[in-house]
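> Read off the chains here:
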Amino acid sequence: DTGVSQNPRHKITKRGQNVTFRCDPISEHNRLYWYRQTLGQGPEFLTYFQNEAQLEKSRLLSDRFSAERPKGSFSTLEIQRTEQGDSAMYLCASSHGTGPRYEQYFGPGTRLTVT
Amino acid sequence: AQSVTQLDSQVPVFEEAPVELRCNYSSSVSVYLFWYVQYPNQGLQLLLKYLSGSTLVKGINGFEAEFNKSQTSFHLRKPSVHISDTAEYFCAAKHQGAQKLVFGQGTRLTINP
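These protein sequence lines map, in sequence, to chains A and B.
Each residue of the first sequence is one higher than the one before, counting from 1 in the working numbering.
Each residue of the second sequence is one higher than the one before, counting from 1 in the working numbering.
In short, the hints are calculated from the structure, not lab data.
Backbone N, C-alpha and C define an ideal beta-carbon position, used for all residues, glycine too.
There's no promise every hint is true.
[Claimed, not checked] Where chain A lies over chain B, by a calculated footprint (3+ residues, C-beta under 8 Å): (1) 33-43; (2) 85-96; (3) 99-109.
[To be verified] Beyond 12 Å from chain A on every Cβ pair, some chain B residues (computed): (4) Q6; (5) R77; (6) S80.
Please construct the entire structure, taking both the sequences and the accompanying hints into account.
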């Protein structure tokens, strides 16, 4: 068990460019979550997958954001036409189940800076 | 709507002193409560959680928290802190049946020698 991994760890992009982040959950974890954390704030929920199905999306996830989880394994989060307000830490988490006894394990995050 | 409030953005304490990090939640339905720690350049790690039963919950690294339903609080405590406890601490809540965690704003714990 190597934990949740995220790539890249850091990304600097110019406003208007598209970026894509990858999350590899703990193997056999069928639930995968994306959160966004801005400076000085706690993480905010973005979206959630059960296997390959995206079951919930936050209103924070504008039309410029899209997330996928093909084959129920790794997940990608793409941001199109980035804006400076997209600068944040993007966190991925995975869990074995959905009940409260199933801990969400977090990855180290991808820090996005939009210049 | 569910919300979580951490009353202190920063808490400085001396090494070996006790510490309490405060957390209040608001919810009209049953909630589960969590404390996470985030060390620099690392992901969030679960310290402890309250699901049901005993209101005093013990976690890792000597931390404990007490669930107080009447005061809607879930404060985190440690009787004697170490330099290695320097980190950001997040309180989080989850509605019964919901998937997402709702986090507070975080409290930065700084340990002075």
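> Let me make sure I understand: some of the numbered hints might not hold for this structure. Which ones are they, in numerical order?
Structure breaks hint 4 only.
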